[in-house]
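Undergrad: Line by line, the protein sequences give chains Y and P. Position one of the first sequence corresponds to residue 1 (the numbering used here), numbered consecutively onward. Position one of the second sequence corresponds to residue 447 (the numbering used here), numbered consecutively onward.
Careful: at least some of the hints might be erroneous.
If the Cβ cut is set under 10 angstroms, some of the chain Y residues that face chain P in the computed set are [unchecked claim]: (1) S143; (2) F147; (3) N148; (4) L152.
Here are some chain P residues the structure puts well away from chain Y; computed CB gaps all over 10 angstroms [said to hold, decoys possible]: (5) L454; (6) H467; (7) K476; (8) Y506; (9) M511; (10) K539; (11) D558; (12) G600; (13) E609; (14) G622; (15) I627; (16) A633; (17) R644; (18) A660.
If you're looking for bench data, these hints aren't it; they were derived computationally from the structure. Glycine included, C-beta positions come from ideal geometry on N, C-alpha and C.
Here is how the chains run, residue by residue.
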Amino acid sequence: MNTHPAIHREESWGYDRRIIHYIQNAAAHGLYEIRGMGAKRQLPHFDDLVFLGASLSRYPLEGYREKCFTETVLGTRYAKKPIALKIPITIAGMSFGSLSANVKEALGRAATEMGTSTTTGDGGMTLEERQSSQTLVYQCLPSRYGFNPEDLRKADAIEVVISQGAKPGGGGMLLGQKINARVAEMRTLPEGIDQRSACRHPDWTGPDDLAIKIQELREITDWEKPIYVKVGAARPFNDVKLAVHAGADVVVVDGMQGGTAATQTVFIEHIGIPTLAAVRQAVEALEEMDMKGKVQLIVSGGIRTGADVAKALAMGADAVSIGQGVLIALGCNSDTYVQNGGHHSAVEDYMALGTAPGYCHHCHTGQCPVGVTTQDAVLEQRLEPEVGARRVKNYLQTLNMELTTIARACGKQNVHHLEREDLVALTVEAAAMARVPLAGTSWIPG
Amino acid sequence: MDSVTFDLAQIPLRQVNTFLHQHPEQKTGKVTLLNPDGAHSIAVGLNAAIEVEILGHAGYYAAGMNQQGTVTIHGNAGPGVAENMMSGRVHVKGFASVSAGASAHGGLLTIDGDAGLRCGISLKGGDIVVGGAVGSFSGFMAQAGRMVICGDAGDALGDSLYEAVIYVRGQIKSLGADAQIEPMREADYQGLRELLDRAGFSYSPAEFKRIASARQLYHWNADADQEY
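I would like the entire structure built from these sequences, with the hints used as guidance.
TA: Given below as structure tokens:
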């Protein structure tokens, strides 16, 4: 017989266990937390929108028979050689250094198989990713690690990164444990020290300068390659306008649900705006400038599913870009990894990090149990390029199938024909942010 | 290739840059550019052992990302001259504006006059020699290479330096975070003498101070005193 009466426990709303833990840590160490991945709290998202599939007032297409086009062209404004992709889903910039060379190769192979692009990152272009990627976007970042004109000329497009969705206004952080000899050489840094990337470009200071910087990049590459400008979503209406004014062929807007390899938790959770709100503001900026369709818009930051892709396109994006999602496809947070044809448990390695599969955000440690975000000579072998490529290809293929099946259900034979009119919101907040009606009403808040 | 002269008052810069980029293996002569009139992106992306003379003032990013080329600006240079230079030589006979030699990986940038703010910011290698003074935040986050400042330096010199070394002959208004003055070593005297000779300055290395990283920001730990 249980002699202990049930104890009713109720934590304080304002000082719940999470905040108590935070204060205790701050008091013990005097340092803020650095971690990987995206925000832990729930944010307004594409999940708060649903599609109005066709019924009587709209005419659907046959899901398994009728063709739905996904071809996407980026960089039609000035570039002599725009990027032609088979799907509107691209792989976002993630650095060699944060990720292993095997991962970069896997992403390149998967992107090539799916007819889409992958992107370099803060750390320069590796030979593996250039050779494996049919279409490679080369990022020009504030740090300029490993940035050089030869790689610039080898690229298919150039992305000037202003800021990242997980940390608008903040520079990067790659802790010393991930700076092995090769990473150090590419970044011109001593081995094993922390790399703190600059938060702003060294040679220009504002949008007027950016216009001239873009001109320089065009001149060096003889106006062949599309120039993307990537902004972390904070003030996307103004930032998109300024990027267009500066001469961007493509604007990339990265919402706050975007992941990161390592940054301050306070950035991840408290700086920037959700992707849902950002995409609407970005599209309005393009429309107001009469640049919709002339300057392409890529949306990133927490795109996970084909439904997310479809909703971003319906909101007005021309394509999406995925970072964290493809890392999960590779095996991030999986309890096993595949090596030499066999499945191996990684659970003990997660435990050693003080975490568990499904909960891991320890990318910054360089001790990724499944070999994705590591430079450790043993751990990086846990991600074999061909295995990783197959998984990412499957993931992208699934997203594309979901995208097209949604588009057909909405009566579209081209995914780019999805429109805001196809959407309604499930919450007042989402309706206000996305400027689509609350479901079952014609009411758009504001 | 024989010597060629382009008059930028008559020929679009795009056409000139195209010429400079084509068939780099055949380009060994000298190209003279007249009437630059402050145009931006003059002679950017060179990848040939070519000599370019710019007779007048250049705008932003003159000789940006230079490889192998020798570019001389007979006038002043705008922001970002020789930015991300990989090799070769860029010589500004007048003054340089902000961010001169930013993120350069190699080569030699010589500025006869003063340079503005943020000279040598994010320097990744190579050498910058400034005959006059430099503005604030010069050498910020410089990772490798050498900066020689024959005049004075502004505020926050060498803030967050990595392994680059800065030599200053004049007064330093203030040092940035983690930068410190260190004793000159024999290797410093020798290297500096050689560098000053290459840049065409006759100052004695004994007149210079050495500034380098205190390396207190190299690791994320509780001793960092919140300098991050």
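Undergrad: Take the hints in turn and mark each one as holding or not.
TA: Right, here's what the structure says about each hint:
1. S143: It holds, given that the least Cβ distance between Y:S143 and chain P is near 7 angstroms, below 10 angstroms.
2. F147: holds (6 angstroms)
3. N148: Hint holds; Y:N148 Cβ to chain P Cβ min 6 angstroms, cut 10 angstroms.
4. L152: holds (7 angstroms)
5. L454: holds (13 angstroms)
6. H467: violated (6 angstroms)
7. K476: holds (21 angstroms)
8. Y506: violated (5 angstroms)
9. M511: violated (4 angstroms)
10. K539: holds (21 angstroms)
11. D558: holds (21 angstroms)
12. G600: It holds; P:G600 is separated from chain Y by about 16 angstroms at its closest Cβ, greater than 10 angstroms.
13. E609: violated (6 angstroms)
14. G622: Correct as stated: the minimum Cβ-Cβ distance to chain Y is 13 angstroms, above 10 angstroms.
15. I627: With a cut-off of 10 angstroms, P:I627 remains clear of chain Y, as the shortest Cβ separation is near 21 angstroms.
16. A633: holds (18 angstroms)
17. R644: Label holds. Min Cβ-Cβ 22 angstroms, cutoff 10 angstroms.
18. A660: holds (13 angstroms)
In this structure, the earlier hints numbered 6, 8, 9 and 13 are contradicted, and the remaining ones agree with it.
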